[in-house]
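Chains F and E, in that order, are what the protein sequence lines are.
Its first residue numbered 8, the first sequence is counted upward by one per residue in the working numbering.
Its first residue numbered 27, the second sequence is counted upward by one per residue in the working numbering.
Rather than coming from a laboratory, the hints here were simulated on the basis of the structure.
One should not assume that every hint holds.
As the list claims (entries may be wrong) - DSSO-like cross-link-like pairs, simulated, lysine-lysine; straight-line CA separation at most 30 Å:
{"#": "1", "chain 1": "F", "residue 1": "408", "chain 2": "E", "residue 2": "173"}
{"#": "2", "chain 1": "F", "residue 1": "239", "chain 2": "E", "residue 2": "173"}
{"#": "3", "chain 1": "F", "residue 1": "234", "chain 2": "E", "residue 2": "347"}
{"#": "4", "chain 1": "E", "residue 1": "173", "chain 2": "F", "residue 2": "223"}
{"#": "5", "chain 1": "F", "residue 1": "375", "chain 2": "E", "residue 2": "173"}
{"#": "6", "chain 1": "F", "residue 1": "329", "chain 2": "E", "residue 2": "274"}
{"#": "7", "chain 1": "F", "residue 1": "278", "chain 2": "E", "residue 2": "347"}
Claimed, not checked - Sample of chain F residues lacking proximity to chain E, with all beta carbon distances greater than 12 Å (derived):
{"#": "8", "residue": "65"}
{"#": "9", "residue": "199"}
{"#": "10", "residue": "234"}
{"#": "11", "residue": "330"}
Quick reminder that beta carbons are idealized off the backbone N, C-alpha and C, glycines included.
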Amino acid sequence: MQRIAVLLFCLLCIKVNATEQAQQIFEEMAPSLYQIRLIDIATSEKSTIGSGFQISENGYIATNYHVISGYAQYPEKYVIEYEDHQGNKGHLDLQTVDVINDLAIVLLVENLQPKHFIISELSPERGEEIYSLGNPHDLGMIVVPGTYNGLKKEAFNDRIHFTGSVNPGMSGGPVVNKFGEVVGVNVASSGNQIGFLIPHDKLVNLINQFDSQVEKTIDQQISEQLKANQKKLLAEVLAGQWQTKSFASQATIPDPGVDYIRCWGDSNADKPDALMFKAVTNCQMEENVYISESLTTGSIDMEFHYFAAPEISTVRFYQLYKAQISQASAGNRVSKEEVTEFECQHDITGVAEQNIKNKSIVCIRAYKEYQGLYDLMYISASVDRNNKALVSHFTLAGVEKDLAQQFSIRFMESVKWN
Amino acid sequence: MELIVEEISRAKKLIGRHKFVSQQLSIGRGYNNDIILSDPHVCADHLVLKAVDDQWVIQDLDSLNGTMLLNENKLTQPQLIESGDIIQIGKTQLRFMLPNHPVAESVKFSTAEILVENIGRWPVIITMLSLFTALNILFMYLNTPTKEINYNSLFLWGLGLTLGYALWPLFCSLMSHLNKHETRIADQLGVSFVIINLFWINEFIEVFLGFNLSSSWYWQWLIIFLSFALTCMMFWFNFYIAFTQSAKRRIKLALGCSTFIFASLFVYDLSNQPDFKGYPEYNSTIMPPAFAFSSASTPEEFIRNSDDLFKAVDKKAQQQKD
Numbered sequence: 008m009q010r011i012a013v014l015l016f017c018l019l020c021i022k023v024n025a026t027e028q029a030q031q032i033f034e035e036m037a038p039s040l041y042q043i044r045l046i047d048i049a050t051s052e053k054s055t056i057g058s059g060f061q062i063s064e065n066g067y068i069a070t071n072y073h074v075i076s077g078y079a080q081y082p083e084k085y086v087i088e089y090e091d092h093q094g095n096k097g098h099l100d101l102q103t104v105d106v107i108n109d110l111a112i113v114l115l116v117e118n119l120q121p122k123h124f125i126i127s128e129l130s131p132e133r134g135e136e137i138y139s140l141g142n143p144h145d146l147g148m149i150v151v152p153g154t155y156n157g158l159k160k161e162a163f164n165d166r167i168h169f170t171g172s173v174n175p176g177m178s179g180g181p182v183v184n185k186f187g188e189v190v191g192v193n194v195a196s197s198g199n200q201i202g203f204l205i206p207h208d209k210l211v212n213l214i215n216q217f218d219s220q221v222e223k224t225i226d227q228q229i230s231e232q233l234k235a236n237q238k239k240l241l242a243e244v245l246a247g248q249w250q251t252k253s254f255a256s257q258a259t260i261p262d263p264g265v266d267y268i269r270c271w272g273d274s275n276a277d278k279p280d281a282l283m284f285k286a287v288t289n290c291q292m293e294e295n296v297y298i299s300e301s302l303t304t305g306s307i308d309m310e311f312h313y314f315a316a317p318e319i320s321t322v323r324f325y326q327l328y329k330a331q332i333s334q335a336s337a338g339n340r341v342s343k344e345e346v347t348e349f350e351c352q353h354d355i356t357g358v359a360e361q362n363i364k365n366k367s368i369v370c371i372r373a374y375k376e377y378q379g380l381y382d383l384m385y386i387s388a389s390v391d392r393n394n395k396a397l398v399s400h401f402t403l404a405g406v407e408k409d410l411a412q413q414f415s416i417r418f419m420e421s422v423k424w425n
Numbered sequence: 027m028e029l030i031v032e033e034i035s036r037a038k039k040l041i042g043r044h045k046f047v048s049q050q051l052s053i054g055r056g057y058n059n060d061i062i063l064s065d066p067h068v069c070a071d072h073l074v075l076k077a078v079d080d081q082w083v084i085q086d087l088d089s090l091n092g093t094m095l096l097n098e099n100k101l102t103q104p105q106l107i108e109s110g111d112i113i114q115i116g117k118t119q120l121r122f123m124l125p126n127h128p129v130a131e132s133v134k135f136s137t138a139e140i141l142v143e144n145i146g147r148w149p150v151i152i153t154m155l156s157l158f159t160a161l162n163i164l165f166m167y168l169n170t171p172t173k174e175i176n177y178n179s180l181f182l183w184g185l186g187l188t189l190g191y192a193l194w195p196l197f198c199s200l201m202s203h204l205n206k207h208e209t210r211i212a213d214q215l216g217v218s219f220v221i222i223n224l225f226w227i228n229e230f231i232e233v234f235l236g237f238n239l240s241s242s243w244y245w246q247w248l249i250i251f252l253s254f255a256l257t258c259m260m261f262w263f264n265f266y267i268a269f270t271q272s273a274k275r276r277i278k279l280a281l282g283c284s285t286f287i288f289a290s291l292f293v294y295d296l297s298n299q300p301d302f303k304g305y306p307e308y309n310s311t312i313m314p315p316a317f318a319f320s321s322a323s324t325p326e327e328f329i330r331n332s333d334d335l336f337k338a339v340d341k342k343a344q345q346q347k348d
């Protein structure tokens with residue numbers, strides 16, 4: 008009994024200690040914390056809110072790209088505004104962005120105050136207490152203590168796994184260690200105390216490149232970043248020899264061997280009265296690059312279907328199978344302003360040494376602003392077996408032509424019957 | 027002396043034809059006449075025709091509304107009649123013909139006529155209707171993705187579709203009936219369903235080519251052309267059976283109607299296009315392995331061909347940006 012009491016007391020000590028520390032940090036840093044808002048010029052009302060923090064004496068403020076993305080895309084529609092801890096408001100100028108890491112730097116033009124955050128030089132230790140600052144749901148600045156849980160596994164672009172509540176509106180707010188040094192930036196939450204942060208070194212990189220970046224327009228910056236990102240992604244995916252894995256014990260499908268493309272599977276084996284047996288494997292990157300509400304890109308997804316119906320006639324099987332492949336589409340979100348419509352081609356394809364013959368379709372659309380980037384959608388349906396079929400599909404969003412073509416050939420060559 | 031009297035409608039269509047052999051012919055509403063008319067605007071003893079020196083002379087008997095030689099003034103005095111003359115009494119028109127009036131050359135049975143006659147036989151019609159119904163039911167069956175199939179509703183659906191399609195030939199028959207022509211329902215049904223069934227072949231060609239030929243072949247025009255030709259053929263035969271008109275006029279009408287239908291479909295299609303298609307539109311036709319005749323191209327060849335797609339979208343992006 009006594010032991011428990013001691014334990015409880017100790018826990019309480021730590022808790023009190025943590026809360027005090029949080030309180031102290033918050034009070035000290037409050038002047039360099041801002042609420043960042045996009046104001047719709049036509050109505051003078053807020054359209055997006057987020058948080059930001061000052062990173063230098065001369066008024067540079069870091070925030071998330073997605074907080075100010077509306078302005079980055081349509082500068083004539085919005086102004087960026089801040090509100091500091093005393094309720095002062097003023098305008099901000101967009102300086103540079105990093106769409107891959109969802110960061111942006113804006114500049115405070117008036118009401119300059121010198122107090123600013125220091126960016127940590129070291130990453131926190133796993134299990135270390137860190138503090139997230141921000142203004143959730145426009146409720147006022149708060150501090151949320153939480154735990155650093157290392158980098159998110161299975162991610163192409165690094166994110167810190169933070170155990171603690173990151174809520175909408177806190178986006179762009181800093182996350183600091185107990186010395187008040189920035190170790191990350193709030194970016195996303197997947198609910199239930201799981202939050203994601205951008206590691207501080209991404210912000211350091213952006214600051215280091217600041218001088219060369221501000222020379223370019225925002226669109227140029229985004230275009231270059233998208234190109235570099237897809238180059239890195241596809242180089243990594245295409246680097247090794249692809250492994251293959253068995254699919255529905257009838258076929259082999261590619262396994263690019265990178266952990267950020269994750270596969271999920273399902274089948275209708277639980278429905279004994281289904282006419283056709285169907286199995287599906289869906290592999291996708293669970294992250295993408297957010298450019299605006301109507302454009303996401305930078306992702307790869309693949310899908311494989313197996314159909315079999317030994318009991319029905321071949322003609323009927325093919326009639327039903329045909330309906331399964333007519334609706335394929337690309338996985339990313341786009342709108343008319345950003346991309347052209349798809350252009351498609353089709354043919355019967357196959358490799359001599361491989362025992363498969365497919366009807367293959369490839370469709371491509373181009374990005375209007377980010378010239379040289381394309382979305383490529385591929386779907387292929389086997390047409391050489393009487394009562395079973397294999398469908399393979401992938402989408403590459405925001406890729407250059409050469410890499411897209413290399414990927415396509417590699418993919419096509421690694422789908423076959425057992 | 028002989029005289030042929032034809033009663034004709036105002037559209038110059040023949041209503042009745044009578045041949046008389048006598049020296050005198052009276053026309054009127056009274057029962058004492060040789061030709062008795064029921065037109066209330068005609069007088070009891072309206073006019074009389076007399077044979078004088080191998081010629082017929084017409085004389086109005088002082089009737090109330092008079093007698094008009096077509097497009098001329100009222101008859102005021104006896105007048106000579108020429109073969110083919112038309113008179114109007116009251117609202118009735120009569121045409122007089124002499125026995126030596128020349129007639130058009132006899133027309134040989136055309137191949138079209140023989141074809142229509144053969145197709146219009148009931149065994150052919152029943153075969154065509156059954157074929158159409160059976161194919162529809164078959165495809166409905168093939169497309170049903172469930173193990174349990176309601177054959178009753180499948181059958182009724184197929185039958186209903188056939189009845190729906192039969193409305194067109196019936197409509198053509200009705201039109202010809204309204205135009206005082208022979209209805210020829212059997213001919214219309216037979217010809218229409220032969221052509222409707224030919225559309226199945228057209229569809230097969232479309233699927234077969236779409237499956238076997240790559241997208242670098244522009245065979246879609248062939249399908250559009252064939253569909254247009256079949257539609258034209260359908261109208262041509264429908265008009266041929268339903269109405270009498272010159273060959274030139276029939277071709278013009280058939281072409282006109284088909285063009286109208288295709289243009290309407292085209293405009294409808296255009297107006298139904300969304301502002302922006304975020305999804306790809308591609309040819310997803312596949313057929314069972316037995317129908318796969320084309321050789322497979324390698325992934326390299328296939329992807330190399332996509333260079334053209336990249337060029338095409340680049341051009342589009344450039345145009346839309348400017």
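So, going through the hints one by one against the coordinates:
no.	hint	verdict
1	408(F) / 173(E)	violated, 45 Å
2	239(F) / 173(E)	violated, 49 Å
3	234(F) / 347(E)	holds, 20 Å
4	173(E) / 223(F)	violated, 62 Å
5	375(F) / 173(E)	violated, 48 Å
6	329(F) / 274(E)	violated, 45 Å
7	278(F) / 347(E)	violated, 51 Å
8	65	holds, 37 Å
9	199	holds, 33 Å
10	234	holds, 15 Å
11	330	violated, 7 Å
In the structure shown, a violation is registered for the earlier hints numbered 1, 2, 4, 5, 6, 7, 11, in ascending order.
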